[in-house]
Amino acid sequence: MTIAQVIVDVPSLGTDRVFDYSIPKKWEGMIQPGMRVAVPFGPRSIQGFVVRLNEHTDVEKIKNIIQPLDLAPVLNEELLQLGNWMTRETISYKVSVFHAMLPVAMKAKYEKIIRKKDDASLFLDELLEGKQEISWKEAEKRNLLPALYKEIQSGNAEVIYFVKNRARKKLKRVVELTVEKDKLEELLHALPSNAVNQKKLVFHLLQSNNGMSEAADLAKKAEVPASAIKALVKKGILSEHMVEEYRDPYEHKDFKKTSPLPLTNEQQTAMKPILQSIEQQSHETFLLYGVTGSGKTEVYLQAIQEVIKQGKEAIVLVPEIALTPQMVERFKGRFGSDVAVLHSRLSIGEQYDEWRKIQKKEVKVVVGARSAIFAPFEHLGIIIIDEEHESSYKQEEIPRYHARDVAIKRGEYHQCPVILGSATPSLESFARAQKGVYHLLTLSKRMNDRAMPPVSVVDMREELRSGNRSMFSTELFERIKDRLQKKEQTVLFLNRRGHSTFIMCRDCGYVMQCPHCDISMTYHRSSNEMKCHYCGFQTGVPTECPECSSNHIRYFGMGTQKVEEELVKLLPEARIVRMDVDTTTRKGAHERILEHFQSGKADILLGTQMIAKGLDFPNITLVGVLSADTTLHLPDFRAAEKTFQLLTQVSGRAGRHELLGEVVVQTYTPEHYSIQLAAMQDYQRFYNEEMSMRKIGSYPPFYYLALVTVIHEDLLQVVTVTEKISSFLKSNISKEAILLGPVASPIPKINNRYRYQCLIKYKREPNLFSALRKILEHYNPQTSRDGLSITIDINPYNMM
DNA sequence: AGCACGCCGACT
DNA sequence: GTCGGCGTGCTC
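full-length UniProt numbering numbers the first residue of the first sequence as 1 and each following residue consecutively.
Note that these hints are calculated values from the structure, not bench results. Don't take every hint at face value.
Unchecked claim - Derived lysine-lysine pairs resembling DSSO-like cross-links, with alpha carbons at most 27 Å apart:
no.: 1; residue 1: Lys642; residue 2: Lys562
no.: 2; residue 1: Lys199; residue 2: Lys235
no.: 3; residue 1: Lys117; residue 2: Lys137
no.: 4; residue 1: Lys107; residue 2: Lys164
no.: 5; residue 1: Lys117; residue 2: Lys172
no.: 6; residue 1: Lys309; residue 2: Lys230
no.: 7; residue 1: Lys230; residue 2: Lys200
no.: 8; residue 1: Lys112; residue 2: Lys137
no.: 9; residue 1: Lys562; residue 2: Lys487
no.: 10; residue 1: Lys170; residue 2: Lys357
no.: 11; residue 1: Lys435; residue 2: Lys137
no.: 12; residue 1: Lys312; residue 2: Lys357
no.: 13; residue 1: Lys357; residue 2: Lys109
no.: 14; residue 1: Lys695; residue 2: Lys435
no.: 15; residue 1: Lys357; residue 2: Lys107
no.: 16; residue 1: Lys150; residue 2: Lys117
no.: 17; residue 1: Lys487; residue 2: Lys531
no.: 18; residue 1: Lys761; residue 2: Lys642
no.: 19; residue 1: Lys109; residue 2: Lys172
no.: 20; residue 1: Lys435; residue 2: Lys107
To be verified - Have a look at the derived ranges for each label pair, beta carbon to beta carbon:
no.: 21; residue 1: Glu566; residue 2: Pro635; range: 46 to 56 Å
no.: 22; residue 1: Phe637; residue 2: Lys26; range: 55 to 65 Å
no.: 23; residue 1: Gln513; residue 2: Trp85; range: 51 to 61 Å
Cβ coordinates follow ideal geometry from the N, Cα and C atoms, glycine included.
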């Protein structure tokens, strides 16, 4: 008997291990490790992943696998191994890790139905209105469950559990000629004279060249109803069958074929060691540090070309917001149909189909966001992470992995190079490059030798002092007007959407807070309501102060919405487009706005984060950063780094082509080194400066971090538990490690639940992970019963 | 995570 | 007496 060891689809501590199942004879040899199966688990049936086959088992009451859910493994040997490693490194459950590796369509849906038995009672017949079965949901809705319970207990009905496979393939109907073309002429005459449409169709087939075509398509082209095709199928002239079809998100797009560009000297120098690593099939991590516009992408493209030439495959990771059609175009343009694209804006079905192209080895390259790092290639030749410093490579849900770590792990397995590319590398990566752990490659010149645009920093305190209370400094405003006149384009950047950040009473200083969270509420103009961005609580806008009844309520802070209103008022002749989460939710909105701007139908593009990347339009000659401080004062040790990166990134949008560009940065803290050095485009000095700050604060890259957050509705309980965890950790880690806490989280209450945390800073702590696991085990009873929640984030990016 | 089982208080 | 509340422990 063959035994399958299965990881079941139950993310909990008690079930985070293999369960043995016997494989029924009919599937012996067919069921393999890496396949999904449906298995009985307690009274239900659920999904599971086979991780190993075995000859024997110690389990006495073993059950059969119900059925396989795949025809071929969805996780290969490498990914199963990688799963083990990730489980250890992120302290999460195996199933969660497996799900993170696969398209969402492979996550099972469960369904329960109540089915009547043969010898059912009359009463039950009445309940089910004569039907055989009813879905659990339906019964619940119609409040039939109490009555049905009794019927189940007395054996008149039973509960049946289903595992529903959501991974549906799209099918299309195609027809094919079964006779030789020269026979068609005869057939045309043999058809009855009243079969006008059939004749028309045969005539069309005579003229067209190819044998196989999609049924719906053919009907349209021949201008006949579908029934004509059916008739010919019936007569045996056409044969009909279903063919699997991919949902192609880029179906209606033509990609202009491009060929390799000649490389600059710098690019060639950078290329050499990469090619060497590809050729020698040795793993090495490269940090490609190249200023904006230095041609990193061309290096990627030519390295991939070499990999493909060797018959191997490539993964390219790009931050989610940078996955614009422009970016996709560059890869599809070079490698055509060899490219699959994976990101979360595709539908579940589209994601599944792109994934299947990879699994079936129909593509050589995948370009995608974070989770594309798990692309099931078996002969990886290179992994590229563009904009390496982006925080979106860290997953903020369980399993909290970093795509960079996974990339390097896979690079080791496949013995292939990993390239981390950035104009503003993360401190972690640059430090590793300095130490020689990564191989540093530098592109210091822009491709067309164009100088970086001059950046001027405007002190907004000065503006205020000289009586300018608007959100535009005189300098920025004059320049916008100048561009309008010259018919050149302006990009305005503000890292905050919405209207106003908070409202405050001028008399007593009251700021409206969310009653469920420790955070001020945001004013939304469109709905004219106050909203909490953390729990979604909404309430009306007060007309008088709840504290002192004054009516001097004023709006503070600005979002993109407010800036837009202001611009319309000040520059009524300007054509403005706004781009932020609120204007890009609908599918394709992103592309439409950019297209609109690119074609010159707007003068000013106003937006958040998402316009900082990839924009490359020749007519942009002015970039304005309305408030450089927004990211700077967050309670996050990476705040300065993020600010520097963002400013550098945004500045790079101006003057990329013939026209010269300039950048205006508005700030209340012009003396801060991240703003100063970003204005001077001096990464190296910023790196040195920031490194000394990190050293003083004992932060990465000098230390690793682990963050434990305790959440519960009872404050006392939260504090007690966090204290206990803290002292337990203290006795389990070495003297070299630093333990901070317990302290309240930066947002101490969300959704009426208090949050406390402790932070561990460490260098080498072999016992830390097992200590953290012990904490989870110890509090497991309380977590499941008492609503206590403990989260562990290894190397957190979001400290909230 | 779900689900059954089992033990207690509140009604028919 | 029975119904149904939720604490406890198990799932190959």
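Tested hints:
{"no.": "1", "hint": "Lys642 with Lys562", "in the structure": "24 Å, holds"}
{"no.": "2", "hint": "Lys199 with Lys235", "in the structure": "13 Å, holds"}
{"no.": "3", "hint": "Lys117 with Lys137", "in the structure": "19 Å, holds"}
{"no.": "4", "hint": "Lys107 with Lys164", "in the structure": "9 Å, holds"}
{"no.": "5", "hint": "Lys117 with Lys172", "in the structure": "38 Å, violated"}
{"no.": "6", "hint": "Lys309 with Lys230", "in the structure": "46 Å, violated"}
{"no.": "7", "hint": "Lys230 with Lys200", "in the structure": "14 Å, holds"}
{"no.": "8", "hint": "Lys112 with Lys137", "in the structure": "8 Å, holds"}
{"no.": "9", "hint": "Lys562 with Lys487", "in the structure": "24 Å, holds"}
{"no.": "10", "hint": "Lys170 with Lys357", "in the structure": "13 Å, holds"}
{"no.": "11", "hint": "Lys435 with Lys137", "in the structure": "59 Å, violated"}
{"no.": "12", "hint": "Lys312 with Lys357", "in the structure": "15 Å, holds"}
{"no.": "13", "hint": "Lys357 with Lys109", "in the structure": "23 Å, holds"}
{"no.": "14", "hint": "Lys695 with Lys435", "in the structure": "16 Å, holds"}
{"no.": "15", "hint": "Lys357 with Lys107", "in the structure": "19 Å, holds"}
{"no.": "16", "hint": "Lys150 with Lys117", "in the structure": "14 Å, holds"}
{"no.": "17", "hint": "Lys487 with Lys531", "in the structure": "39 Å, violated"}
{"no.": "18", "hint": "Lys761 with Lys642", "in the structure": "21 Å, holds"}
{"no.": "19", "hint": "Lys109 with Lys172", "in the structure": "25 Å, holds"}
{"no.": "20", "hint": "Lys435 with Lys107", "in the structure": "42 Å, violated"}
{"no.": "21", "hint": "Glu566 with Pro635: 46 to 56 Å", "in the structure": "29 Å, violated"}
{"no.": "22", "hint": "Phe637 with Lys26: 55 to 65 Å", "in the structure": "58 Å, holds"}
{"no.": "23", "hint": "Gln513 with Trp85: 51 to 61 Å", "in the structure": "43 Å, violated"}
Of the numbered hints given earlier, the model fails hints 5, 6, 11, 17, 20, 21, 23; all others are met.
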